[in-house]
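**Student:** The hints should help you fit chain B onto chain A, whose structure is shown.
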Amino acid sequence: KAGVTQTPRYLIKTRGQQVTLSCSPISGHRSVSWYQQTPGQGLQFLFEYFSETQRNKGNFPGRFSGRQFSNSRSEMNVSTLELGDSALYLCASSLNRDRPYNEQFFGPGTRLTVL
Amino acid sequence: SQQGEEDPQALSIQEGENATMNCSYKTSINNLQWYRQNSGRGLVHLILIRSNEREKHSGRLRVTLDTSKKSSSLLITASRAADTASYFCATDRDYKLSFGAGTTVTVRA
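Quick mapping for you: the protein sequence lines, in order, are chains A and B.
With positions in the first sequence counted from 1, the corresponding number in our numbering is that position plus 5.
With positions in the second sequence counted from 1, the corresponding number in our numbering is that position plus 3.
I should point out that these hints are in silico values taken from the structure, not numbers from a laboratory.
From the three backbone atoms N, C-alpha and C, an ideal C-beta is built for every residue, glycine too.
Misleading hints may appear alongside valid ones.
Unchecked claim - Across the chosen pairs, the derived CB separations fall in these ranges: (1) B:T67 x A:N76: 35 to 41 Å; (2) B:Q17 x A:E80: 24 to 30 Å; (3) A:R20 x B:E18: 42 to 48 Å; (4) B:E18 x A:K62: 39 to 45 Å.
So that you can see chain A by itself, here it is in the shape it has in the complex (with noise of 0.2 Å):
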């Protein structure tokens, strides 16, 4: 079974840009976060989507946004970028977190950098 894929794996942008990131998950897995790794600030939860829905959602700015397609595939978007967004972005997949004993999935990450 193929695991979680993300989407680019690296992307440099500048500053005022929008981007963009994928995440597929892993097949039958309906659940998917986000996080957001830092060395200052280190793993920060994102956002989750369980069937289209975000059911949570970290202490982001609004330029942060996501959104859940009916596959499970996921995008987040980062608008208005900031230095401070170049970040390793990982995303997660889980197969029911409706229980809350789910162990996630990880993706290898898309390594952000702002110029």
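**Tutor:** Same frame as chain A, but now just chain B:
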């Protein structure tokens, strides 16, 4: 803010030795999970322990959970060079994982 805090921040051991790292958290949880990350890559799930469990084993890994003290520990026995990585604890609540800052483990040959 991060829910969990790992201790120590860094650990250097000889191959074959055991490595122990601790995690403390602040609020009630559904479960606690441990992950490994190699050199800024994706996270690999190691083990999940439910809030009503006290100890769990998986291969060379042993995890304990003390909900009264809001703490967990991860023990890696007979370490190998391939265990060199960063290890994170994560508490699971409200459909999100809250990660600690991680423990960087270096296993010397």
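**Student:** Are there hints from earlier that the structure breaks, and if so, what are their numbers?
**Tutor:** Per hint list: single violation, 2.
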